[in-house]
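Sequential numbering of the sequence shown, starting at 40, is according to the working numbering.
Read the hints as simulated data drawn from the structure, not as lab findings.
Ideal Cβ placement from N, Cα and C applies to all residues, glycine included.
Heads up, a few of these hints could be off.
Label-pair restraints from in silico Cβ distances [to be verified]:
{"#": "1", "residue 1": "E99", "residue 2": "A120", "range": "19 to 27 Å"}
{"#": "2", "residue 1": "L46", "residue 2": "D124", "range": "50 to 58 Å"}
{"#": "3", "residue 1": "L53", "residue 2": "Q148", "range": "49 to 57 Å"}
{"#": "4", "residue 1": "Q165", "residue 2": "A52", "range": "39 to 47 Å"}
{"#": "5", "residue 1": "L53", "residue 2": "E159", "range": "50 to 58 Å"}
{"#": "6", "residue 1": "T98", "residue 2": "L125", "range": "22 to 30 Å"}
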Amino acid sequence: MSKLEKLVEDLSALTVLEAAELSKLLEEKWGVSAAAPVAMAAMPGAGAAAPAEAAEEQTEFTVVLTAGGDKKINVIKEVRAVRPDLGLKEAKDLVEGAPQNVKENISKQEAEEIKKKLEEAGASVQVK
């Protein structure tokens with residue numbers, strides 16, 4: 040095992056408190072300020088992985104039709120354009136059953152495009 044691999048293995052075994060202490064010692068030794076406690080807290084097994092995951096940027100979005108609006112026929116047409124897998128009855132049921140998810144697990148750009156199309160058709164839409 041190389042020195043670096045051994046070092047990585049040893050650092051991975053540190054608790055959050057030990058990592059903070061290591062950070063202080065390194066700052067004193069080299070006279071620098073490090074953001075090591077944050078980086079160390081995000082390491083697996085450190086007990087602080089959940090908050091680190093919450094800070095990550097959302098990558099998958101859901102378009103939610105909150106209301107069909109006054110021009111339901113136009114909204115139904117747009118829902119069918121966005122979801123070609125739906126028949127006329129299914130699209131109508133989705134619009135009339137609002138709030139409903141129109142499309143899930145899509146990119147932010149695609150979600151914004153769908154939102155814009157549905158709002159132009161007269162619907163009320165949210166991106167989550």
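Cross-check of the supplied hints:
no.: 1; hint: E99 / A120: 19 to 27 Å; in the structure: 21 Å, holds
no.: 2; hint: L46 / D124: 50 to 58 Å; in the structure: 52 Å, holds
no.: 3; hint: L53 / Q148: 49 to 57 Å; in the structure: 40 Å, violated
no.: 4; hint: Q165 / A52: 39 to 47 Å; in the structure: 44 Å, holds
no.: 5; hint: L53 / E159: 50 to 58 Å; in the structure: 55 Å, holds
no.: 6; hint: T98 / L125: 22 to 30 Å; in the structure: 25 Å, holds
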